[in-house]
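> Each chain is listed here by its residues.
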Amino acid sequence: SQQGEEDPQALSIQEGENATMNCSYKTSINNLQWYRQNSGRGLVHLILIRSNEREKHSGRLRVTLDTSKKSSSLLITASRAADTASYFCATDGAGFQKLVFGTGTRLLVSP
Amino acid sequence: ETGVTQTPRHLVMGMTNKKSLKCEQHLGHNAMYWYKQSAKKPLELMFVYSLEERVENNSVPSRFSPECPNSSHLFLHLHTLQPEDSALYLCASSQVAEDTEAFFGQGTRLTVV
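Line by line, the protein sequences are chains A and B.
With my numbering, the residue at position 56 of the first sequence is 56, and numbering never jumps.
With my numbering, the residue at position 53 of the second sequence is 53, and numbering never jumps.
It is worth saying that the hints were derived from the structure and are not from the lab.
Keep in mind that the hints are not guaranteed to be accurate.
In silico lysine-lysine, DSS-like type, Cα no more than 25 Å apart, as pairs [unchecked claim]: (1) A:LYS26 / B:LYS41; (2) A:LYS26 / A:LYS56; (3) A:LYS56 / A:LYS70; (4) A:LYS98 / B:LYS22; (5) A:LYS70 / B:LYS40; (6) A:LYS26 / B:LYS40; (7) A:LYS98 / A:LYS56; (8) A:LYS98 / A:LYS26; (9) A:LYS69 / A:LYS56; (10) A:LYS26 / A:LYS70; (11) A:LYS70 / A:LYS98; (12) A:LYS69 / A:LYS98; (13) B:LYS40 / A:LYS98; (14) A:LYS70 / B:LYS41; (15) B:LYS22 / B:LYS41; (16) A:LYS26 / A:LYS69; (17) A:LYS98 / B:LYS41.
Next up, chain A with everything else stripped away, as it sits in the complex:
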């Protein structure tokens, strides 16, 4: 299977804390993407990091990529209750039109 796996499966934190989610994948990639999904709704793209990049920032998001370990992490700083959602990594190892998603991390941010 080419599917990635997120770790942890679930994460519960307080507002203002940082949240870190990890993703591991199995194939070589051109890029890795992170998406967010509010309960029962569609996915929203957060950030894309290319295989030749090691770190990328977007607002309160910081993504790292280690292609030697086939892993990535997503850090959300100063979390808010509105960040409560599931977060998925997706890779294009099967082809750039065949995004393969991981199992997701459910993040709960309590006020």
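Fit chain B to the known structure of chain A by using the hints.
Using the frame of chain A, we list chain B on its own:
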């Protein structure tokens, strides 16, 4: 709104029914996708249409039949489904290019009774 609209949002159908899911994108993209999301399972890529041609069919049972009449519209025709087909069906679109993001619709919550 992401520019990708799915209808209906919710659908309950019997195992002998025939129904269709519709997806429309207003983003000028030239690739469209169907994903299935079941409880506690990763998203499963079902079908990919690129430039209106099907380029991926991930061993999906024939009771699911996709149709892409043009680059803006995508359908998923359903017939004689099973209860295990109950899931959230997500449509997405993107450009045919590397390093592009996918834009998802809100999904159709399908329940087969």
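> Determine for every hint whether it applies to the structure shown.
Consistency of the hints with the structure:
1. Straight-line distance between C-alpha atoms of A:LYS26 and B:LYS41 comes to about 18 Å, which keeps the hinted pair within the 25 Å bound.
2. A C-alpha spacing of about 21 Å is found between A:LYS26 and A:LYS56, which places the hinted pair at or below 25 Å, so the restraint holds.
3. Among the hinted pairs, A:LYS56 with A:LYS70 is consistent with the structure: their alpha-carbon atoms are about 16 Å apart, no more than 25 Å.
4. For the given pair, A:LYS98 sits about 21 Å from B:LYS22 by alpha-carbon distance, which is consistent with the 25 Å threshold.
5. As the CA atoms of A:LYS70 and B:LYS40 are separated by approximately 23 Å, the hinted pair is consistent with the 25 Å bound.
6. Taking the CA atoms of A:LYS26 and B:LYS40, the gap is about 20 Å. The hint holds against a cut of 25 Å.
7. A distance of roughly 23 Å separates the Cα atoms of A:LYS98 and A:LYS56; the hinted pair therefore holds under the 25 Å criterion.
8. Distance hint between A:LYS98 and A:LYS26 is fulfilled; the C-alpha atoms sit about 15 Å from each other, no more than 25 Å.
9. Our distance criterion of 25 Å between C-alpha atoms is met by A:LYS69 and A:LYS56, whose separation comes to about 17 Å.
10. A distance of roughly 7 Å separates the Cα atoms of A:LYS26 and A:LYS70; the hinted pair therefore holds under the 25 Å criterion.
11. For the hint pairing A:LYS70 with A:LYS98, the CA-to-CA distance comes to about 18 Å; that is within 25 Å, so the pair holds.
12. Of the supplied pair hints, the one linking A:LYS69 and A:LYS98 holds, its CA atoms being roughly 22 Å apart against a limit of 25 Å.
13. Between B:LYS40 and A:LYS98, the direct Cα distance comes to roughly 21 Å. Compliance with the 25 Å bound is thereby established for this hinted pair.
14. Straight-line distance between C-alpha atoms of A:LYS70 and B:LYS41 comes to about 21 Å, which keeps the hinted pair within the 25 Å bound.
15. This hinted pair checks out: B:LYS22 and B:LYS41 have alpha carbons roughly 23 Å apart, not beyond 25 Å.
16. The suggested pairing of A:LYS26 with A:LYS69 holds, with an alpha-carbon distance near 9 Å, which does not exceed 25 Å.
17. Of the pairs offered as hints, the one joining A:LYS98 and B:LYS41 holds, with about 17 Å between alpha carbons and a cut-off of 25 Å not exceeded.
Going down the numbered hints, you'll see the structure goes against none, and every one checks out.
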